[in-house]
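**Student:** If you read the sequences in order, they're chains A and B. Okay, so the first sequence: first residue is 1 according to my numbering, each after it adds one. Okay, so the second sequence: first residue is 109 according to my numbering, each after it adds one.
Wrong hints could be hidden among the right ones.
[What the hints assert, rightly or not] Computed list of lysine-lysine pairs in DSS-like fashion (alpha-carbon distance at most 27 Å, straight line):
(1) A:41 with B:149
(2) B:149 with A:3
(3) B:122 with A:41
(4) B:149 with B:174
(5) A:3 with B:172
(6) A:68 with B:122
[To be verified] Which bits of chain A does chain B cover? Going by a derived footprint, with three or more residues having C-beta under 8 Å, they are:
(7) 41–47
(8) 98–105
Everything labelled a hint here was simulated from the structure, so no lab data went into it. Ideal Cβ placement from N, Cα and C applies to all residues, glycine included.
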Amino acid sequence: ELKVEQNPLFLSMQEGKNYTIYCNYSTTSDRLYWYRQDPGKSLESLFVLLSNGAVKQEGRLMASLDTKARLSTLHITAAVHDLSATYFCAPYGQNFVFGPGTRLSVLP
Amino acid sequence: GAVVSQHPSWVICKSGTSVKIECRSLDFQATTMFWYRQFPKQSLMLMATSNEGSKATYEQGVEKDKFLINHASLTLSTLTVTSAHPEDSSFYICSARRQGTGEQYFGPGTRLTVT
């Protein structure tokens, strides 16, 4: 059974700072997704990582995947308030298994 | 493209009544649809997987007689919460797997409140 951990679960950071969210999963997965969720809303797709060593960047967010370590990271550069949300990683096997989420709060 | 809709977006019902939630893939055909439940400040939990024209597969701990799923066509799946109770209050999100590409797209969610 695929299990997913995220670290940290809560993150409060100041605008302008950098930080990394970590996602560990327990068994082989052929791809991994990152999603953003705003309060009261559904999921917004951020990245899909398809292979070992994959790196994708969009704006202040960069995601990477190490399939051998079963680790994905979501790096935030120079955070802004608009990035405040909950971030989920989701490795994909037969279907999605979601991590517990990282609740990010960016303070002015 | 690849839009999934849910209806209603929110619903309030009384204990003991039943509520139906629709999930539609608007511009693609979905071989498989998934239903998730999300309680406040928690992650998404898969409830069931449905394939068009066949019975849904429920995850462990999900009561199939309480959460009735019908996947009548390649663009529509419905979830009926029967004899709803306050503990069924939650955010229900559906997802549709696109025929051909296998990509999965999420609906906007339905917030159910049972009073």
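**Student:** If a hint holds in the structure, say so; if it doesn't, say that too.
**Tutor:** Do the hints match the structure? See the list:
Pair hint residue 41 (chain A) plus residue 149 (chain B) holds up; C-alpha atoms about 12 Å apart against a cutoff of 27 Å. Between residue 149 (chain B) and residue 3 (chain A) the alpha-carbon distance is near 19 Å, which keeps this suggested pair within the 27 Å criterion. For the suggested pair residue 122 (chain B) and residue 41 (chain A), the alpha carbons sit about 24 Å apart, so the restraint of at most 27 Å is met. For the hint pairing residue 149 (chain B) with residue 174 (chain B), the CA-to-CA distance comes to about 24 Å; that is within 27 Å, so the pair holds.
This hinted pair checks out: residue 3 (chain A) and residue 172 (chain B) have alpha carbons roughly 24 Å apart, not beyond 27 Å. Simply put, residue 68 (chain A) and residue 122 (chain B) have alpha-carbon atoms about 50 Å apart, too far for the 27 Å limit, and the pair is violated. Only residues whose C-beta sits within less than 8 Å of a C-beta in chain B count toward coverage, and the stretch 41–47 of chain A has 4 of them, enough to reach three; the restraint holds. Under the rule that three or more residues need a Cβ within less than 8 Å of chain B, the assignment of the stretch 98–105 of chain A holds, with 5 such residues.
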